[in-house]
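2 protein chains.
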Amino acid sequence: MTEAVSRPTLEAVAALAGVSRATVSRVVNGADGVREPLAERVRRAVAELGYVPNQAARSLVTKRHDAVAVVIAEPETRVFADPFFALQLRGISKELTAHDNQLVLLLTEGRDDHARVARYLAGGHVDGALVFSLHLDDPLPGLIQAAGVPTVFGGRPGWGAGADGSPRGNPGVVYVDCDNRGGARTAVRHLVELGRSRVAHITGPLDQTSAADRLDGYRDVMAGVPGGGDPRLVVESDFTPAGGEHAMRELLARRPDLDAVFAANDLTALGALRVLRESGRRVPEDVAVVGFDDMGPVAEQTDPPLTTVRQEIEEMGRLMARLLLRGGASGAGDGTGAGGPATRNGADGGVILPTTLIRRASA
Amino acid sequence: MTEAVSRPTLEAVAALAGVSRATVSRVVNGADGVREPLAERVRRAVAELGYVPNQAARSLVTKRHDAVAVVIAEPETRVFADPFFALQLRGISKELTAHDNQLVLLLTEGRDDHARVARYLAGGHVDGALVFSLHLDDPLPGLIQAAGVPTVFGGRPGWGAGADGSPRGNPGVVYVDCDNRGGARTAVRHLVELGRSRVAHITGPLDQTSAADRLDGYRDVMAGVPGGGDPRLVVESDFTPAGGEHAMRELLARRPDLDAVFAANDLTALGALRVLRESGRRVPEDVAVVGFDDMGPVAEQTDPPLTTVRQEIEEMGRLMARLLLRGGASGAGDGTGAGGPATRNGADGGVILPTTLIRRASA
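Keeping their order, the protein sequence lines are chains A and B. Letter by letter, the first sequence follows residues 1 to 363 in UniProt numbering. Letter by letter, the second sequence follows residues 1 to 363 in UniProt numbering.
In case anyone wonders, no lab produced these hints; they're calculated from the structure. Fair warning: there could be bad hints in the mix.
[What the hints assert, rightly or not] Computed footprint of chain A on chain B, listed as stretches where at least three residues anywhere in the stretch have a Cβ under 8 Å from a Cβ of chain A:
#, stretch
1, 89-96
2, 101-107
3, 246-258
[Stated by the list, open to error] Beta-carbon label-pair distances, calculated as ranges:
#, chain 1, residue 1, chain 2, residue 2, range
4, B, Ala22, A, Ala81, 47 to 55 Å
5, A, Ser197, B, Ser279, 50 to 58 Å
6, A, Gly195, B, Asp286, 49 to 57 Å
7, A, Ala81, B, Asp66, 23 to 31 Å
8, B, Asp100, A, Asp207, 52 to 60 Å
9, A, Asp207, B, Ala81, 29 to 37 Å
10, B, Arg282, A, Asp303, 54 to 62 Å
11, B, Arg78, A, Gly224, 43 to 51 Å
12, A, Gly124, B, Ile358, 26 to 34 Å
13, A, Arg277, B, Asp303, 19 to 27 Å
14, B, Asp303, A, Gly224, 44 to 52 Å
15, B, Pro304, A, Asp32, 23 to 31 Å
[Stated by the list, open to error] Residues from chain B that keep clear of chain A, each with C-beta distances beyond 10 Å, as calculated:
#, residue
16, Leu10
17, Glu76
18, Leu194
19, Gly280
Given the structure is predicted, the values throughout are model-derived calculations rather than measurements. For each residue, glycine too, the CB sits at the ideal point set by N, CA and C.
Could you build the full structure based on these sequences and the hints that come with them?
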């Protein structure tokens, strides 16, 4: 997409004309609803900049529906209970609205409903889909691909991956994710630099790539720590506070001498902190704790406040929408504004957002 | 459509009321010219039989999409922050899934997006719509009616109502609501029966029918209490804890001798309880407090646990979906299972679910 770099963008036209991108879009595509003086200003800006809408974007803008589906392959109850989805949806909604596209959220009760979702997608009701499919064995991505709808995935899809989990199994699949493995490395490296060597890890559900990648990051660092490969230091959990409590008890029973915990998300860390307190351990003096997410107020309000790996969840949602509207172009340097030094592209079709360690009191 | 046959007909209503079909028709459609005792007889027959007229809804029989839109005319952020919508959606999702219908949730950022929502609805992507439109001046219901999509509303629509808020302005509009006015009456009557006479009311936003109806219920009871009409006892608020705090301070400044508070919802009551505690008042000894909703864990976890008016929110969602799928059939006795002694039909196209006073420690 080198052409995209040098070509004047929709944004540039909007800026020059002093109107929204949606307005430029409407004028360029001959849609109604833009007052004449405004339309004229847009046309002059188009001429002045020599703007030509790129094909992919154009086909999306001249589409019939101005609607994008969001599919979350989780039960409806989880969608509303988990602030992660609310934040992603916020980013998606803002971006789609800015392009006058309707967000069409398709909810399900469970996997039995996935065939119906795929039918709806194939039925010509939307121009594309943003899909959150978390589990390795989920049939939905295959159904959606068969439906032939342009799709951007939220999170690196695990399906179709090689035995080693390599994403190369899905060439051409576009997705947005945070740097789960790199973030985990930063967290564990921080604990090791604090002088901790018996660092435990409470994982997420390992049929989700985010959890598997964070475990890989933990192992990357612990491989260089004497005794760091002890399998008793790792317990699989489920991203919930109750799961974190249970896992922490298990870890203390196995290795009462542990001096640090990397929890795969903040909710899990919350449960771990509770059990550590119960067991009379001081945090961080006896056991240092790091989480992952930095989502909402959770991490600030733990006791003590939680050191954690921050991912930009709302921005990930925004970027997914942007990529779909631009016809699957990658983030960096294509004028979507999604690029910049912070974004790097995966070797496959992924756009990976960086993470940041947020230091608070727990480690 | 054998079910449709078993649905109560206009004829059945006419027979039961002992009037002509033309008379039933006139009453049902809000036309003038029917004397009140006769109109009342018709309304009672309508309620008893569970008759709901809705021409448009019948076209659902031949639906093409097996998909139903849910439109919440509130910003996306509020949809995810307010457990009320999550609960309604849970009921809707279960019911639609049971009928293999896809739930298509259309999210918006604000009113500017409502025209786009209406376009999507008119575009033939869904068989019907379940619409939550909370504000009196919302243009969305009008847009949706123009789109010609069968619709069931969540909550009594305020638009098109008479100056007195009478729902008769919307003949044929099908909606599901709880008995806001009756529930409020029960709450205030309970306080009066406890011996309280200086009962304050913190209202919700009065451009929403639920809030206006609860205020009416409060006034119904307070009209019979000496001094109960003091306008200083009523403060308008916004259904939030912060709003409840602010309103409570205002009430204490105006009437430091108040001995009870009816809060228009539990979140407001939460704020009121905080301020009462700060001010050194004991609940319920000095000031008794009753809320409204009994949604999730809020009311159980206040200090002291909150006496409140329970509405069956998830059931309301389920019933909305059921009514739409059945082509606007009403609850009672039509085999949807929505009926039973608990459900009564409004004199207009509404199905009103009863409320229950849940007694805890605060009153």
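Now for the hints, and whether the structure bears them out:
| no. | hint | verdict |
| --- | --- | --- |
| 1 | 89-96 | holds (count 4) |
| 2 | 101-107 | holds (count 6) |
| 3 | 246-258 | violated (count 0) |
| 4 | B:Ala22 / A:Ala81: 47 to 55 Å | holds (52 Å) |
| 5 | A:Ser197 / B:Ser279: 50 to 58 Å | holds (54 Å) |
| 6 | A:Gly195 / B:Asp286: 49 to 57 Å | holds (56 Å) |
| 7 | A:Ala81 / B:Asp66: 23 to 31 Å | holds (27 Å) |
| 8 | B:Asp100 / A:Asp207: 52 to 60 Å | violated (27 Å) |
| 9 | A:Asp207 / B:Ala81: 29 to 37 Å | holds (30 Å) |
| 10 | B:Arg282 / A:Asp303: 54 to 62 Å | violated (30 Å) |
| 11 | B:Arg78 / A:Gly224: 43 to 51 Å | holds (48 Å) |
| 12 | A:Gly124 / B:Ile358: 26 to 34 Å | violated (48 Å) |
| 13 | A:Arg277 / B:Asp303: 19 to 27 Å | holds (23 Å) |
| 14 | B:Asp303 / A:Gly224: 44 to 52 Å | holds (51 Å) |
| 15 | B:Pro304 / A:Asp32: 23 to 31 Å | violated (59 Å) |
| 16 | Leu10 | holds (36 Å) |
| 17 | Glu76 | violated (4 Å) |
| 18 | Leu194 | holds (37 Å) |
| 19 | Gly280 | holds (28 Å) |
Consistency with the previously given hints fails for numbers 3, 8, 10, 12, 15, 17, ordered from lowest to highest.
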